[in-house]
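*Asks:* From first to last, the protein sequence lines are chains F and Y. Read in the numbering used here, the first sequence has 248 at position 248, and its numbers run on one by one without any break. One rule links them: number in the numbering used here = place in the second sequence (from 1) + 1000.
Derived from the structure by calculation, the hints contain no laboratory data. Nothing here was measured: the structure is a model prediction, and the numbers come from that model. By construction, the Cβ of each residue, glycine as well, lies at the ideal position given by its N, Cα and C atoms. One should not assume that every hint holds.
[Said to hold, decoys possible] Here chain Y is said to cover these stretches of chain F; the calculated rule only asks that three of the stretch's residues, wherever they fall, bring their Cβ under 8 Å from a Cβ of chain Y:
(1) 77 to 84
(2) 108 to 117
(3) 124 to 138
[Stated by the list, open to error] Selected chain F positions facing chain Y (in silico; Cβ < 10 Å):
(4) Ala87
(5) Cys149
(6) Glu150
(7) Asp153
(8) Val155
(9) Ser166
(10) Ala205
(11) Glu207
[Stated by the list, open to error] Computed footprint of chain Y on chain F, listed as stretches where at least three residues anywhere in the stretch have a Cβ under 8 Å from a Cβ of chain Y:
(12) 57 to 67
(13) 168 to 178
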Amino acid sequence: MTTTTDTTRAEICAVACAEIFSGAGEIMASPMATLPSIGARLAKLTTEPDLLLSDGEALLMAETPALGDKGAIEGWIPFRKVFDVVASGRRHVVMGANQIDRYGNQNLSAFGPLQHPTRQMFGSRGAPGNTINHATSYWVPKHSSRVFCEQVDIVCGVGYDKIDPSNPAFRYLHIHRVVTNLGVFDFGGPGHTMRALSLHPGVTADEVAANTSFEIAGLHEAEPTRYPTDEELRLIREVIDPRGIRNREVPQ
Amino acid sequence: MRDKRTTLDEAVGELRSGMTIGIGGWGSRRKPMAFIRALLRTDITDLTVVTYGGPDLGLLCSAGKVRKAYYGFVSLDSPPFYDPWFARARTSGAIEAREMDEGMLKCGLEAAAARLPFLPIRAGLGSDVMNFWGDELRTVTSPYPDSNGQVETVVAMPALRLDAAFVHLNLGDAHGNAAYTGVDPYFDDLFCMAADRRYLSVERVVSTEELVKSVPPQSLLLNRMMVDAVVEAPNGAHFTLGANDYERDEKFQRHYVESAKDAATWQEFVEQYLSGGEDDYQAAVRRFAQEGTR
Chain F
1 MTTTTDTTRA EICAVACAEI FSGAGEIMAS PMATLPSIGA RLAKLTTEPD
51 LLLSDGEALL MAETPALGDK GAIEGWIPFR KVFDVVASGR RHVVMGANQI
101 DRYGNQNLSA FGPLQHPTRQ MFGSRGAPGN TINHATSYWV PKHSSRVFCE
151 QVDIVCGVGY DKIDPSNPAF RYLHIHRVVT NLGVFDFGGP GHTMRALSLH
201 PGVTADEVAA NTSFEIAGLH EAEPTRYPTD EELRLIREVI DPRGIRNREV
251 PQ
Chain Y
1001 MRDKRTTLDE AVGELRSGMT IGIGGWGSRR KPMAFIRALL RTDITDLTVV
1051 TYGGPDLGLL CSAGKVRKAY YGFVSLDSPP FYDPWFARAR TSGAIEAREM
1101 DEGMLKCGLE AAAARLPFLP IRAGLGSDVM NFWGDELRTV TSPYPDSNGQ
1151 VETVVAMPAL RLDAAFVHLN LGDAHGNAAY TGVDPYFDDL FCMAADRRYL
1201 SVERVVSTEE LVKSVPPQSL LLNRMMVDAV VEAPNGAHFT LGANDYERDE
1251 KFQRHYVESA KDAATWQEFV EQYLSGGEDD YQAAVRRFAQ EGTR
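Taking the hints into account, I'd like the entire structure generated from these sequences.
*Replies:* Here is the structure:
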């Protein structure tokens, strides 16, 4: 087991992102940023060999190449077929977020009023469909109280307080994890509120509280996030991300 | 069989202000940019645009031609990702937004293609998509209870019926048969099937025989029933990626974004690239590329 000395924060995040997919089985993993991509590939190369991964465009990869490299393919997944996969539920997406609230509502659309925003981002993208159909997790490389806010401006990803319990159309909503540069969270707090599962080594509960606009359940009970194993470190450093792209997203 | 070949300007000359137009492609990928540039040369305005948005929507916003936009997202697909002209139209309140989930857009085109008033979809429930649309978007309750006796209520995605659709493909014949050569058809067939008038531009017009010999049958996305007009427009998706014909012109796309920053630089961009015909644009774009390699 590797310990403290040379493991970086980005490498700890990579393992936390890999664990998002623990037990996922034969589904499509759709990571939308660098660290979740490393995580999904790490999961596939260790405990989750049956995951399906695309090249980010329209091809399913048979191999698990380094970030940015091409390898052999095993299938075709153009955008229109992605929507079929979404509706089928056989997918776990890891999206980014400009805002997330305590119930897991997420915004990547715009800030301000719907028809007259103060800042325009992407629009809702696939967030409404992802969250209502299949497992969704979030990756936030810079945990701050601007991201983790009291109320999101525009609900793109659906949170737990939006569920209509009388309508079974909401039964597939599952926000699995939020991984940030500070820790690992879920929505297992009281009333499906955000809860701390672990804080990365060196991160204090006070640091997380100071960078979150609402109270996080279990913050003071959270254990340290585990270190990568020697094998995981080898895979991250030599196989998946030899160019060290992870350090741009999470500086040490 | 009818020869449907025409020019960019004649094609867009059939449009009227106030129409609802669908634009094929996706983000900054295989967008019918030559048609968009032709639209900028007209005085047509007050458009309702349905699109997986990219710089197509941005350029139309730059000319104040958009009144209402139906979109799943708007993205340039590479840094800085957010389209500057769409952002300005939104933050100034110039356009009415019918933002939706990406899957809802496909669903709405499929409803229109099948001449149905709506199709049920789960996406949108619980999100602010419902508030973007107000009364224009409603739910529908299943007549079939589930095994627990509960009934599901889902979004009734209305048909996205189009007056006109614009798409750009790689190869086509004079009659409207056409193929994509890259990895993704996007939704160009659905845009055509949802529209009354269907305008196709292609990199190259070839004989039907050459077309069907050049690609596998599965790549023949459009047939004659789906197309009214064919325009040969080489490099017609520039600066978005043109599948197997060319990559995205990242440097020029960045130039587009930087030029949008203030009135003077945008005026210069318009004068350089958008004040003549398509041939003038292509010549200016070649000069821009050469300047960078010197």
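*Asks:* Each hint should be assessed against the structure and marked as holding or not.
*Replies:* Outcome of the hint check:
| no. | hint | verdict |
| --- | --- | --- |
| 1 | 77 to 84 | holds (count 4) |
| 2 | 108 to 117 | holds (count 7) |
| 3 | 124 to 138 | holds (count 9) |
| 4 | Ala87 | holds (7 Å) |
| 5 | Cys149 | violated (15 Å) |
| 6 | Glu150 | violated (16 Å) |
| 7 | Asp153 | holds (9 Å) |
| 8 | Val155 | holds (4 Å) |
| 9 | Ser166 | holds (8 Å) |
| 10 | Ala205 | violated (31 Å) |
| 11 | Glu207 | violated (30 Å) |
| 12 | 57 to 67 | holds (count 3) |
| 13 | 168 to 178 | holds (count 5) |
Hint violations for this structure: numbers 5, 6, 10 and 11, all remaining hints satisfied.
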